[in-house]
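Residue numbers (our numbering), protein chains in the order written: chain S, 1 to 368; chain H, 1 to 288.
The set of hints was computed from the structure by calculation and includes no laboratory data.
A few of these clues could be false.
As the list claims (entries may be wrong) - Facing chain H, a subset of chain S residues (Cβ under 7 Å, in silico):
1. 37
2. 39
3. 312
Unchecked claim - To list a few chain H residues with every Cβ distance to chain S over 12 Å, as calculated:
4. 18
5. 35
6. 188
Positions of the beta carbon are idealized from the N, C-alpha and C atoms, including for glycine.
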Amino acid sequence: MSSPIRQCAERASAPGSAPASASPKPVAASPGDRWRGLPSPLRHLLLAALGLAAVTALLLVTGDLTALRVAAVGYTMLAIAGLQLLVGGSGQVSLGHGAFMMIGAYAMALLVLYQPMLPLAANLLIIVALSVVAGIAVGAATARLHGPYLAGATLILAVGLPGLTHRYHDLLGGSNGLVIRTAGAPPLLQGLVSDSEWKALVVWTAVVIGLAALATVSTGRLGRRMRAIRDDETAAAMAGIPVGATKVVAFVIASAAGGLAGGLQAYVLGTATPSTFTLALSLTLLAGLVLGGIGSLWGALWASVAIVYLELWASDLARALDLSRDAENNLPIVFFGVVIILVLRFWPLGVHGALQRVTIRLRSREPR
Amino acid sequence: MTTTATEPLLSAEGVTVRFGGLTALDDVGIRAVPGTVTGLIGPNGAGKTTLFNVLSGVLRPTAGTVTWKGAPPPGRRPHHLARAGIARTFQGLNLFPMMTVLDNVVVGADRLAAGGPLSLLTGLGRHHRDERELRSRAMAALERFGAAEHAHQLPATLPYGVQKQVALARACVGEPEALLLDEPASGLSGGQIDALADQIRDFGRDMAVVLVEHHMDLVMRVCDHIVVLNFGRVISTGTPAQIQADPLVAQAYLGTSDDGAADPAPTAAPAPAADSAPDPDPGNGAAR
């Protein structure tokens with residue numbers, strides 16, 4: 001138990017462990033120090049810009065179909081990063097994260113349908129505000145619950161919320177959900193980027209800004225308070241940390257990230273349906289987080305890539321093997337489960353923990 | 001050596017705590033005066049940790065009042081008291097296991113930092129300047145407690161004596177005015193206890209220290225004033241010399257021939273009880 005966990009904590013305390021882009025590893029001492037001297041919001045925004053540039057480059061070399069998948073990786077990553085702050089950061093397990101994505105998605109659909117003149121940025125801000133309100137309501141109600149009780153309470157949310165679409169059929173469209181049309185690339189860039197590439201870029205812009213905010217929170221005082229509460233509530237309280245309030249704040253930040261991710265999903269896919277936001281989604285997000293590595297925001301990247309692509313590969317495989325329709329539908333789930341079991345068996349800290357170990361080994365081999 | 005005439009910083013008066021039908025504390029009072037060390041002793045199950053939990057806000061008394069600087073405390077929850085300047089250590093240390101030693105201590109300094117969420121997100125204002133300040137404070141505290149070389153390790157990887165020093169550093173880094181020490185000497189060797197005695201005397205110079213301890217020679221060496229509890233009642237108070245001379249105290253610890261058989265807390269002789277078992281007080285939320 002000790003050695004991987006020690007690595008995890010060392011990573012958490014290492015100043016360069018910011019997400020969203022390449023880590024500044026082989027820099028000489030003085031630029032490294034200068035880098036660390038920057039205020040952390042600026043540092044994370046620079047990393048975010050770098051990450052966005054990397055995604056843009058990726059979009060330029062790949063095709064139109066990949067763009068939608070890249071966008072899917074983006075919003076899934078944001079949702080998982082929010083969950084990472086909640087579960088890995090503050091130690092609260094939520095099974096209702098998909099419900100907040102649903103709130104975001106339906107808010108986006110309703111805004112596009114009923115307030116078509118609002119710009120996308122305004123829609124996203126409204127969605128974040130709405131998710132914050134929902135997060136406060138749920139978080140305040142569940143702040144006194146621990147472990148499995150909290151998971152159970154949030155489970156109700158994941159199971160119950162999709163049912164609202166049937167209850168308010170006229171407004172929310174029942175099981176068919178809502179279909180919206182969102183604008184593609186602006187006329188100025190018409191020849192340069194396709195509509196889906198544009199959407200992927202918009203998604204990733206919002207995602208990297210969200211990730212930069214999450215990373216700033218996570219490395220700042222708030223993140224440390226959350227980790228202290230996760231480790232020992234009594235000791236944290238006796239150090240002057242308001243335990244209940246901090247837990248609610250963690251919940252609210254996670255729901256804001258989830259809501260924004262859901263809004264972006266509706267923007268890309270053009271639909272919001274209840275079948276997208278089932279309990280399975282919440283469980284998949286949590287499983288993905290464990291698979292990617294619970295100790296770091298980087299884990300969210302591997303998790304989202306795994307969630308989007310494993311399903312794809314599994315269906316490709318099923319088609320290649322010429323399996324029946326039922327088998328094809330269920331193979332992705334089996335595939336995902338097997339991968340999680342294997343990863344946890346061999347890399348208990350997830351993909352990111354494994355990568356961390358490899359880099360540590362490589363660096364220790366380098367003569368200094 | 002007697003209690004000075006200064007006003008107590010932190011005091012409890014007439015405190016009664018009942019857990020259902022069990023009376024853990026019955027009309028107990030204690031006063032922590034700045035610049036002194038107050039000892040709180042008694043056999044296992046006497047209610048020492050319960051009184052500690054009341055003083056630090058973990059437990060609300062059934063009756064009685066806690067006074068901080070002559071007024072009611074600024075809030076009823078532990079973090080209110082902690083932010084006002086009451087720090088405590090725990091019997092079970094309660095270090096944050098997944099955080100580095102440095103981060104553990106930085107958390108202890110939390111009350112000194114300013115700068116809210118807006119400052120955190122924008123990088124303007126005091127948040128990030130104060131964060132650097134907290135880290136250097138924490139580093140200085142680790143130097144002072146001789147654990148600086150372990151700053152980037154996890155607590156569980158350190159020897160127990162060093163972990164104790166980290167816990168003390170975490171309690172002291174926030175510059176508290178009152179310091180509650182819950183059995184700081186348990187599990188330490190003789191030499192370590194001597195060093196600890198010097199440290200406690202040192203804390204007692206600028207803080208009001210309350211010490212719960214089973215090591216009688218340590219208590220007698222460092223305390224200015226001692227309160228003895230037995231079965232949730234104060235049976236004796238006074239200077240170490242007065243306490244040592246009090247027959248009631250010896251009776252509480254050793255029992256007497258006439259009513260000794262009825263004593264449900266047959267503890268070891270007070271002097272060298274180095275390996276004292278964890279206190280079975282009810283409501284001891286701090287135990288490991």
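Hints and how they fare:
Interface restraint check for residue 37/S: the shortest CB-CB distance to chain H comes to about 9 Å, outside 7 Å, so the restraint is violated. A hinted interface residue such as residue 39/S counts as satisfied when its beta carbon comes closer than 7 Å to some beta carbon of chain H; here the least separation is about 4 Å, so the hint holds. A least Cβ separation of about 35 Å between residue 312/S and chain H goes past the 7 Å threshold, and the interface hint is therefore violated. With a least beta-carbon separation of about 21 Å from chain S, residue 18/H lies farther than 12 Å from that chain, consistent with its non-interface assignment.
Its beta-carbon lying about 23 Å from the closest one in chain S, residue 35/H satisfies the requirement of being farther than 12 Å from that chain. The claim that residue 188/H is not at the interface with chain S holds, since no C-beta of that chain comes within 12 Å of its own (minimum 20 Å).
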